[in-house]
Each structure stands twice: as C-alpha cells, then as structure tokens.
Amino acid sequence: MGTKEKKTEIDESLFRRIADGDNDAFSDLYYATYKQLYAFLLSLTKNKEDAEDLLQNTYIRIRNAAHLYKKNGTPMAWMCTIAKNQYLDFVRKYGKYQGVDFELVENTIPFSMVTNVENRMIIEQAFKYISDEERTIVVMHLVNGMKHREISDILGIPLSTVLSKYNRSLKKMKAIIEG
Amino acid sequence: MNKKDKINKGLNEAFSDMAPDILDKILMSDIQPVESLESDLRDEPVFVEKSSKKHGWVPSMAMSIVSACAVMCIAVLGILVIPLHNQAVNTVACSITFDVNPSISIGYNKKGDIISVDANNKDAEKVVDQINNKFDKKMKNDKKIDMTLSAIKKNGYLKEKSSVVLVSADIDEKNSVSVINNVKSDISSYRKKSDSQFTVVYQEYKNDDKVDELAEKKGISKGKAAYCIKVSKTVKEKPAEIAELSVGKITKKYVQAQKKNKKVDKSIIIDAVDDDNEVKDFDEDAIMVDLNETESDNSEETTVEDENEVNAEIIGEDETDECSEDESANDLEEESCLMNDDIDFEKSEDKYKEEATTKPDKDIFGGKSDDYDSQKGVKEKKNNRKSKITDELSDF
Numbered sequence: 181m182g183t184k185e186k187k188t189e190i191d192e193s194l195f196r197r198i199a200d201g202d203n204d205a206f207s208d209l210y211y212a213t214y215k216q217l218y219a220f221l222l223s224l225t226k227n228k229e230d231a232e233d234l235l236q237n238t239y240i241r242i243r244n245a246a247h248l249y250k251k252n253g254t255p256m257a258w259m260c261t262i263a264k265n266q267y268l269d270f271v272r273k274y275g276k277y278q279g280v281d282f283e284l285v286e287n288t289i290p291f292s293m294v295t296n297v298e299n300r301m302i303i304e305q306a307f308k309y310i311s312d313e314e315r316t317i318v319v320m321h322l323v324n325g326m327k328h329r330e331i332s333d334i335l336g337i338p339l340s341t342v343l344s345k346y347n348r349s350l351k352k353m354k355a356i357i358e359g
Numbered sequence: 286m287n288k289k290d291k292i293n294k295g296l297n298e299a300f301s302d303m304a305p306d307i308l309d310k311i312l313m314s315d316i317q318p319v320e321s322l323e324s325d326l327r328d329e330p331v332f333v334e335k336s337s338k339k340h341g342w343v344p345s346m347a348m349s350i351v352s353a354c355a356v357m358c359i360a361v362l363g364i365l366v367i368p369l370h371n372q373a374v375n376t377v378a379c380s381i382t383f384d385v386n387p388s389i390s391i392g393y394n395k396k397g398d399i400i401s402v403d404a405n406n407k408d409a410e411k412v413v414d415q416i417n418n419k420f421d422k423k424m425k426n427d428k429k430i431d432m433t434l435s436a437i438k439k440n441g442y443l444k445e446k447s448s449v450v451l452v453s454a455d456i457d458e459k460n461s462v463s464v465i466n467n468v469k470s471d472i473s474s475y476r477k478k479s480d481s482q483f484t485v486v487y488q489e490y491k492n493d494d495k496v497d498e499l500a501e502k503k504g505i506s507k508g509k510a511a512y513c514i515k516v517s518k519t520v521k522e523k524p525a526e527i528a529e530l531s532v533g534k535i536t537k538k539y540v541q542a543q544k545k546n547k548k549v550d551k552s553i554i555i556d557a558v559d560d561d562n563e564v565k566d567f568d569e570d571a572i573m574v575d576l577n578e579t580e581s582d583n584s585e586e587t588t589v590e591d592e593n594e595v596n597a598e599i600i601g602e603d604e605t606d607e608c609s610e611d612e613s614a615n616d617l618e619e620e621s622c623l624m625n626d627d628i629d630f631e632k633s634e635d636k637y638k639e640e641a642t643t644k645p646d647k648d649i650f651g652g653k654s655d656d657y658d659s660q661k662g663v664k665e666k667k668n669n670r671k672s673k674i675t676d677e678l679s680d681f
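Taken in order, these protein sequences are the chains called A and B.
Heads up, the first sequence is in this note's numbering, so the first residue is 181 and it goes up one at a time.
Heads up, the second sequence is in this note's numbering, so the first residue is 286 and it goes up one at a time.
Don't read these hints as lab results, they were simulated from the structure.
Do not take every clue at face value.
[Unchecked claim] In silico lysine to aspartate or glutamate, DMTMM-like type, Cα no more than 25 Å apart, as pairs: (1) K294/B with E298/A; (2) K251/A with D497/B; (3) K251/A with E323/B; (4) K228/A with D306/B; (5) K352/A with E529/B.
[Claimed, not checked] Every beta carbon over 12 Å from chain B, so not counted as near; a handful from chain A, in silico: (6) I190; (7) E192; (8) N287.
[Stated by the list, open to error] What follows is a set of in silico ranges between Cβ atoms, one per label pair, in the way DEER data are often shown: (9) S463/B with M301/A: 40 to 48 Å; (10) V549/B with N203/A: 58 to 66 Å; (11) K446/B with A212/A: 54 to 62 Å; (12) R272/A with K446/B: 51 to 59 Å; (13) A355/A with N546/B: 39 to 47 Å.
Think of the CB as a built atom: it goes at the ideal place given N, C-alpha and C, for glycine as much as any other residue.
Whenever a hint applies, use it, and build me the whole structure from the sequences.
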C-alpha cells in the first residue's frame, strides 16, 4: 500500500453544486474529507473537543465560501488552508497549545477509540515522540495525501525543511516500531 | 508490508477511528455566503520559533506622560521590532543541500546566516549530530561550512579525488541562488586549507512534481532528484535508475555523456580542484567513450544493446553494479569499488599516456592509427568481449 493510494480524489464540481445549495454534494465532500481534516486539526490542537469545534467551523466556512473556490492547487490544499487559519484564529483568541506535554495530551486525545492495538501504539508514538511540526507534516503527507510542496506552502516552512523533518520523524517512528 | 506502509496504515486507521461524524451539526447551521476568503486563505506560518514570543506588558496608568511616551517607544521596539528581528534571525528563509552520500540541508535566515543543519538521510544523521554540538551562534558561515565538510570527511566521505559533493539550490526559494554563490568560495577555501581534492557540482533547480516524486520514491533529497532528472536527459537513462547511483558515479556518467553528446546543461557547474585534475578524473573515461564511439562508427551492424554492453564493460559498470548504495555500510564498499575503478582507469590512463607521447592527440581520439588498433586489440583481449563489433574491429 503506497502513499499515492491514500490520496483522496475530490470532484471539484462539488464546490459549484454546494454553492447552489446542494446538500448531497456537501455530504459527498464531507465524507470524502472529514477524516483527513480532523487528523490535521487534531495533530495541531492535540485536543479532541477543540479539533471537533474547528472541524465544524472549517466546514461551515467551506460551505459558505464554496462559490469562491478557484482551481489553484488541489481542493484538499484549499480546505487545509482554511482549517489552518481557523486554528490560528483560535490560538490567537485562546492562547492555547504552547508546549503541552504528552501526559496532558493523553487525556485530551481519544486514543481509546482506536480498536487495533498496533494502530493505537503508532498514533500514540506520533503524539509522544515527534514534535508538533514533524507530526503535522507526517499527517498531512501520509493521511491527507498532500505533496511536500503543498505542505511547505500551507505551513509556511521551507520545502527542504519539510522534507528533512518528514524523513527524520519517519525514522524515529520506524525505530520505535523496531523496538 | 514495510515499516513506512505500516505507519501509513496505522495512522490512517487510527484517525479514521477517532474522527467524529458531525455532518448533521454542520447542516443545521444556516448558509451565509461570504464575500471574501482573504483571511481564510492567508499565508501565515503555523509554527513560529520559540524565541519570537510576544512581550505583552501594558504601561502603568500612574506614569507621567513623558515616561509613558518613553515606555511606549520601548514597548513598540520590544513588541514589534525585536520579535520581528528575532523571527527574521531565527527562521529559515532559504536552504541549500549538500549531497555526498550523506544528504544535508543547510538553512539560512533572511540575513544570510546559517542557522540550521538538518540530516536528510541516515548517513547524514551522525554527521549532523557531530556538527550541531559544536555550532555557535556567533560563528561565521565559512567556519560552519568548514565544520560541516570536516564532519562529512571525518565520517569517511570526500577523502578520494573521485569524491563529489553536489550543492543544490531551489531557484524558487528567495536568496538561495545568492547563497550558493557565497558557498562556492567557502568550499573552495576549505579544499585548499584541508588539502582535499574532491569535486564540487553546483546546480540550481526548479522544484516540480517530477522532482518531488523521484525524491519521495527514492528517499533522496530534492537536489539529488533534480540532478538525476537533468543528467538523465544527457545520458538518456531513466532518472529512477540514475538515482540508485552515488553522486560521484552520476557525475562521472554525466561528464562522459556530455563529452559524447556535446550537450551542456548550464544549470550544472562542475568545479574540480583544478582543470588538470578535472580532466584527469573524468577524461580517461571520456577517452574510452570516444574510443567506443569510433568502434560504433566502424560497425554499421552494431545494435544499441551491443553498444551499451560494450560501454558498460569498458567503463566498468558491471563491477559497480555489484555495489549496494542504500546503506551506509555498503557505501564504504561502494567507495572501495570506486577506488578499484580508479585503479583500472589509472592503468588504462598509463597506456594512453604512453601513446600520447608517441602519437598526436588526434590519433588517440581519431582512432585511425596502427597504434590505436593494437591498443584496442589488447583491450578487447583483456576484457574477453564477444560482441560482433569486437570481431570487426580486430579484423580491421
């Protein structure tokens, strides 16, 4: 199973239909993307409730701005940019998420909902052993199926740094899996 | 399933288990079309350096107007200028990569100072650990480049004359091209100081999907990926196959093909210790390629496969194929293979040197003299070639 297979193909005509008030089109877009956007927001917030609130705000914003969607990059990149700015506004408002320890995060992320033990171990590692920046890059690439260049643009990090941080965090995780 | 796939699958399934379905909640909200998405699509970085924390303090109401003004001035400086300055100083504005086998990214701030050195592969991790422990903020760039190259050398690379370091800059990153120009003089002075003879290849590249894809597929830096794609156009091989080789071997291939095709990629600059050395390092191969060309010219019946086979035999690629390039341990083996190649080349070079003293250059390259034929015959016997072209040339 390669990274490529994980990419979500989003039909761009959905945005036009959503702008026309088509709820079915919005449902299609939602179910095609909500897990990826939630992963991105949970990686940033490290808090289940906050990620859920931001997910809701992001989709409301997407729904209200669907008529402004322009083909400039991928739909996922457009949606992630909106989600990121929702997160930044939230941080600015509440001043959260600076240097939260894993012990605190453990109680705010629903790891217990992950039924497969191995998968739970992997996700716990992602929040315990790699930095927020590294984890977000890994999630955006492996879960959201985004290219390093898109990640660099959205997070405002130089491309080479994205690549090195991605490689470094994967190595860390691989090393932990090896035990 | 390899470990990366395992992580990929694990993360996807775990987030899938955790993601809440809140579609109903969203659909309950009224649709209020927005007029602009400017603030939602702004380019604001998510992760800011720790040192750029805001200094949030408020002047006391009890202070006099004069002191309030003074305080305001300081506050303006403190709140606006210093964090901005810190951000500019501590944020990577552009970066270049060094690829030997260790692949290292060197990050520069807006002022052009080196502020980070990151490893892009396993071999580079050890090198970077050694450097980061010794880096001092006040240290000048040339000293940092010295330390980086010394650490690479200390780990067993860049010791041979045949070693090559690829220095790459993404032209889309602001200032990266001017940075690469400054690095040139730093590397050149390091070579002189350390009495090193490695070759440096400088390149500017445009990062696109092809580069992205190759870098990701092969686990190499964008710089090396871009280099492989450029070289593939000259050597007419697949970029993915070229990416399996070390930077040294890729460069060797490129120089050979360049001489053969007379094609020059202006975005690639090869800087050997001096002109003589550059010729020595690569020209013996080029001479062999030229001989090959002559052989091919003389044989109308030669097929592409035959030609490739002959080329591979002459430049010793069969031997180099035996060298694994992925792991650091194998890289030492590869180095030794390269050295063996060099020994063979030296032997050949001696023969050609002897020949050069007795015959004019055009005879060597033109391949029309008797000496050239006998030289070719010896080589053919030595290599035990069986192709049709060999028979024809022996007859000739």
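Hints versus structure:
no., hint, verdict
1, K294/B with E298/A, "holds (10 Å)"
2, K251/A with D497/B, "holds (21 Å)"
3, K251/A with E323/B, "holds (15 Å)"
4, K228/A with D306/B, "holds (13 Å)"
5, K352/A with E529/B, "holds (24 Å)"
6, I190, "holds (16 Å)"
7, E192, "holds (16 Å)"
8, N287, "holds (14 Å)"
9, S463/B with M301/A: 40 to 48 Å, "holds (47 Å)"
10, V549/B with N203/A: 58 to 66 Å, "holds (60 Å)"
11, K446/B with A212/A: 54 to 62 Å, "holds (56 Å)"
12, R272/A with K446/B: 51 to 59 Å, "holds (57 Å)"
13, A355/A with N546/B: 39 to 47 Å, "holds (45 Å)"
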